[in-house]
Amino acid sequence: MTLVIKLFISILGLIFITVPWFYTTEPNPADQGFPNWFIYSLLMTVIFSIFICYAIGRFWDQLADENAMGPDLNKKG
Amino acid sequence: METHFLDFQDRPIAMDSGFLLSVTFMMAVIAGYLLYAPRLYCLSRQKRYLTTADFIQDRYKYRPLSILISLIGVVALCNFILSNLKAIGLFIESGSANISMAQGVITFAFIVVLYETLGGMRSVAWTDVLQGLVLFIGCILIFGVIIFHLDGLHVLSINLRNVRPEFWSPPTLHQKISWLSSILIVGFGISLYPQAIQRIYAAKSKLVLKRSLQVMVFLPLVTTLFMLTVGWVGAAKIPGLGKEASDTITVQMLNFIVTEVPQMQILLVVFVAAVFAAIMSTVDSSLLSISSSITKDIYAPLRPHSSQAELTLFGKLISWILMAAMTILALITQDTIWRLIEIKLELLIQITPAILLGIHTKRVSAGPVFAGLIVGTIITLLYVITIKLGSNIPVRPFGIHAGLWGLLVNCVIIGIGSLLKKRISC
Numbered sequence: 001m002t003l004v005i006k007l008f009i010s011i012l013g014l015i016f017i018t019v020p021w022f023y024t025t026e027p028n029p030a031d032q033g034f035p036n037w038f039i040y041s042l043l044m045t046v047i048f049s050i051f052i053c054y055a056i057g058r059f060w061d062q063l064a065d066e067n068a069m070g071p072d073l074n075k076k077g
Numbered sequence: 001m002e003t004h005f006l007d008f009q010d011r012p013i014a015m016d017s018g019f020l021l022s023v024t025f026m027m028a029v030i031a032g033y034l035l036y037a038p039r040l041y042c043l044s045r046q047k048r049y050l051t052t053a054d055f056i057q058d059r060y061k062y063r064p065l066s067i068l069i070s071l072i073g074v075v076a077l078c079n080f081i082l083s084n085l086k087a088i089g090l091f092i093e094s095g096s097a098n099i100s101m102a103q104g105v106i107t108f109a110f111i112v113v114l115y116e117t118l119g120g121m122r123s124v125a126w127t128d129v130l131q132g133l134v135l136f137i138g139c140i141l142i143f144g145v146i147i148f149h150l151d152g153l154h155v156l157s158i159n160l161r162n163v164r165p166e167f168w169s170p171p172t173l174h175q176k177i178s179w180l181s182s183i184l185i186v187g188f189g190i191s192l193y194p195q196a197i198q199r200i201y202a203a204k205s206k207l208v209l210k211r212s213l214q215v216m217v218f219l220p221l222v223t224t225l226f227m228l229t230v231g232w233v234g235a236a237k238i239p240g241l242g243k244e245a246s247d248t249i250t251v252q253m254l255n256f257i258v259t260e261v262p263q264m265q266i267l268l269v270v271f272v273a274a275v276f277a278a279i280m281s282t283v284d285s286s287l288l289s290i291s292s293s294i295t296k297d298i299y300a301p302l303r304p305h306s307s308q309a310e311l312t313l314f315g316k317l318i319s320w321i322l323m324a325a326m327t328i329l330a331l332i333t334q335d336t337i338w339r340l341i342e343i344k345l346e347l348l349i350q351i352t353p354a355i356l357l358g359i360h361t362k363r364v365s366a367g368p369v370f371a372g373l374i375v376g377t378i379i380t381l382l383y384v385i386t387i388k389l390g391s392n393i394p395v396r397p398f399g400i401h402a403g404l405w406g407l408l409v410n411c412v413i414i415g416i417g418s419l420l421k422k423r424i425s426c
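Protein sequences, first through last, are from chains A and B. In terms of this note's numbering, the first sequence has 17 at position 17, counting the first letter as 1, and numbering is strictly consecutive. In terms of this note's numbering, the second sequence has 334 at position 334, counting the first letter as 1, and numbering is strictly consecutive.
Treat the hints loosely; a few may be bogus.
Keeping only pairs whose Cα atoms sit at most 20 Å apart, straight-line, the calculated DMTMM-like set for lysine to aspartate or glutamate is [what the hints assert, rightly or not]:
#, chain 1, residue 1, chain 2, residue 2
1, B, Lys206, A, Asp65
2, B, Lys61, B, Glu93
3, B, Lys296, B, Asp58
4, B, Lys47, A, Asp65
5, B, Lys210, A, Asp65
6, A, Lys6, A, Asp65
7, B, Lys204, A, Asp61
8, A, Lys6, A, Asp61
9, B, Lys362, A, Asp65
10, B, Lys362, B, Glu166
11, B, Lys296, A, Asp61
12, B, Lys47, B, Asp58
13, B, Lys237, B, Glu166
14, B, Lys206, A, Asp61
15, B, Lys210, A, Asp61
16, B, Lys296, B, Glu310
Okay, the calculated bits of chain B under chain A, using three or more residues with CB under 8 Å as the criterion [to be verified]:
#, segment
17, 36 to 45
18, 206 to 216
Honestly, the hints are just simulated from the structure, not real lab data. Model, not experiment: these values are computed from the prediction. We treat Cβ as the ideally placed atom computed from N, Cα and C, and that holds for glycine.
So that you can see chain B by itself, here it is in the shape it has in the complex:
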């Protein structure tokens, strides 16, 4: 669970002071957990859930709804793997003169899918623990070097004012609305990742889960914020960075640190290991979650007499096929990593009402939730596809993500549908 919370540290840093919002949205993820994890954990202990769809099926008793939620989770996780493969490809390409992005992505994908196939959940859990520790130490070391060996925070802010006078300008109203929209979509979206829900099911005890969330809420202050500072130092040191080049700012900053302080070469090794570790942790748990969702929620109900061995084999086969497809897509997609993350979360946030209402009230039934989910998802997908096809409409209408507009319609349909159902039954 700790590496899930460090996921954003491996992302190349956006070269914008407004990206401070990423500290808030990582905390908002824990706020999202607070709203559903206590009850869901209790239920999972009583009813032995394995996937998100297990809870949905148990609560709403409507197979099309649980399959749809499972499919949305799979699509979101595929997108998650895609953005991570692209990130690791860019990281390898910018950090090495001899390895191309394609070679890096293919080799990385092969290693992850191989150890996930051989080891399963236990290997993923153990690598998560080790990778989380390495990443945490890497973040703190890099921040320490910047503070004590380079300029320090005060000089950083002055340099930024000189090099990029616009950097510290307050956000415009449109940017502030987008800021709020991003916190909501990331906070609630990430807290509903299928693998995040599975980790709540798998928590050792209530106390462990509660304590880990209480610690995790403060981690963005020493991980996300530290790495943002590294990005801001980069903005001051490397003037003229474009949007695309900013995707590789972390590596450029590491090279810069090593040039300035040669004895810090070991730091480069630690941080590269940390980045690989974080992305491996993210990809393997996503892959495992996808294969369990497809096998248990979609394949098993279609073939109820399948043996455990057959289900396991099918799950592993799915992992290899999806990993191959995502590797190809990672090499051809033109979207930035941040945009890929946004699209995934815009889809995933559509399942929020089904989970939250399902946990906290018995007054909502499957029909309105299913209708709301379908309409919300279609609105979001249509918008994303329209933009992909080259339309000139804004990526975020009025500064608000298409996914939030979809969620609004989704909630309205659930509200009206539930009211109508109540009146009919009266």
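So that you can see chain A by itself, here it is in the shape it has in the complex:
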């Protein structure tokens, strides 16, 4: 699996978990402050941003490398 596919899958996975899928119950009226699903989503979004920042620094040069494209199957010979 090439680096770009691994990154693509990681990005999709991280985006997926920013959605508060597992929070279904109504917040308790006695609770104060922001609800848990909101805090969860915000936290996951911060983690997502840290990952992207790291990936830009770590993988930029590898992603820019032409050799990572693989062979040109349309070329004859």
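Given chain A, put chain B in place with the hints provided.
Just chain B now, with coordinates in the frame of chain A:
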């Protein structure tokens, strides 16, 4: 580039806690850049690309494909200008007792097209820098006033529970699917804006581009999130806001802040300047991108012996004609600003496979990409038009945008087409 990232701050805020997704989708834009910008920047340095279609033509060597991608970009950008003109019209109308939306939109459009015609790319770049700074400072000031002079975040959340008990309810499954769909369509769609791609080409160096993206990924936390908070304070302070009225919540909140804290009148001036700045920045760069795309990708190949002066004149003429058309449409369209943004991105996301596959693999050829793009675009357009004609079908089938369904078919066609081509050549 920084103002491109602040684009969503000038949008009136949706009155919904679920709009928290806008922070994520602004970050997803940078994720989209990560997937194609490193290689595209290198290629643009070697081959001196100017437009998106330059790369497509160089990679696939198929003129109909590059023209189609150029046209999709132009349509998306026209829609972009349209949503911005509507936003500025509503902003002016709700903030002033004496100026109508029509007067505001026409005056604004005239000023932008005039300075874009006189100045070109350099004026756009410099105004972007200044406008981005003003907008950034405006966002932080407004958020600061809400935290320190009004209620603060804790009281805000309690007020919202009291005034709108449903506000903090977790999204339903259907809403969660739409949430994911919105992040994908906005994240990948915005990263492929023609003017965004042109700015990657124009980056001063690899290091500058890389560093700016690393900073930009965190900006939604202090811009989008801050302005969402302003909208949520509005939801608590101004009960009973409808969908249409929520388009003007920013102005209503500014008026509210000034009423509560009169010494903050200067803030109103700063923020109004910031909103104008952001929309001007967005519209002028879109206009410039449209005129360069039409001139270079469509007009120049048809008239290969045209002089540079003729091409420039044609580009400027296109800017004026399109701006006039978008001004008229902005005054008559009934769509909300958010819906206009969605339609634009649903179309633009169809070019994702052509760009990403074109950059990262040589195994995909022009035929399947062209077929996939045509079918994906037609599916998206048919769906949008059917809804426009008043059909009762849902805007997002199963919670997923029509553009993503179109993209799915687009990718399947590319996959099958490439496999068939490989077998035939074997």
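Here's how the hints hold up against the structure:
1. For the hint pairing B/Lys206 with A/Asp65, the CA-to-CA distance comes to about 13 Å; that is within 20 Å, so the pair holds.
2. Distance restraint check for B/Lys61 and B/Glu93: the Cα-Cα separation of roughly 49 Å exceeds the 20 Å cut-off, and the hinted pair is therefore not satisfied.
3. Note on B/Lys296 and B/Asp58: the hinted pairing holds, with a Cα-Cα distance of about 14 Å set against a maximum of 20 Å.
4. Between B/Lys47 and A/Asp65, the direct Cα distance comes to roughly 16 Å. Compliance with the 20 Å bound is thereby established for this hinted pair.
5. For the hint linking B/Lys210 to A/Asp65, the alpha-carbon distance of about 15 Å falls within 20 Å, and the restraint holds.
6. Of the pairs offered as hints, the one joining A/Lys6 and A/Asp65 holds, with about 16 Å between alpha carbons and a cut-off of 20 Å not exceeded.
7. Taken as a hint, the B/Lys204 and A/Asp61 pair is honoured in the structure, with Cα atoms around 17 Å apart against an allowance of 20 Å.
8. Among the hinted pairs, A/Lys6 with A/Asp61 is consistent with the structure: their alpha-carbon atoms are about 16 Å apart, no more than 20 Å.
9. Using a Cα cut-off of 20 Å, the hinted pair B/Lys362 and A/Asp65 holds, with the two alpha carbons roughly 14 Å apart.
10. Restraint check for B/Lys362 and B/Glu166: the C-alpha separation of about 51 Å exceeds 20 Å, so the hint is violated.
11. Simply put, B/Lys296 and A/Asp61 have alpha-carbon atoms about 31 Å apart, too far for the 20 Å limit, and the pair is violated.
12. For the hint linking B/Lys47 to B/Asp58, the alpha-carbon distance of about 9 Å falls within 20 Å, and the restraint holds.
13. In summary, the hint linking B/Lys237 to B/Glu166 is supported, as the alpha carbons are separated by about 15 Å, within the 20 Å threshold.
14. Restraint check for B/Lys206 and A/Asp61: satisfied, since their Cα atoms lie roughly 9 Å apart, inside the 20 Å limit.
15. Simply put, B/Lys210 and A/Asp61 have alpha-carbon atoms about 10 Å apart, close enough for the 20 Å limit, and the pair holds.
16. Restraint check for B/Lys296 and B/Glu310: satisfied, since their Cα atoms lie roughly 12 Å apart, inside the 20 Å limit.
17. Look at the segment 36 to 45 of chain B against chain A: 4 of its residues bring a Cβ nearer than 8 Å to a Cβ of that chain, three or more, so the hint holds.
18. For a cut-off of 8 Å, the count of residues in the segment 206 to 216 of chain B with a CB near a CB of chain A stands at 4, and the three-residue condition holds.
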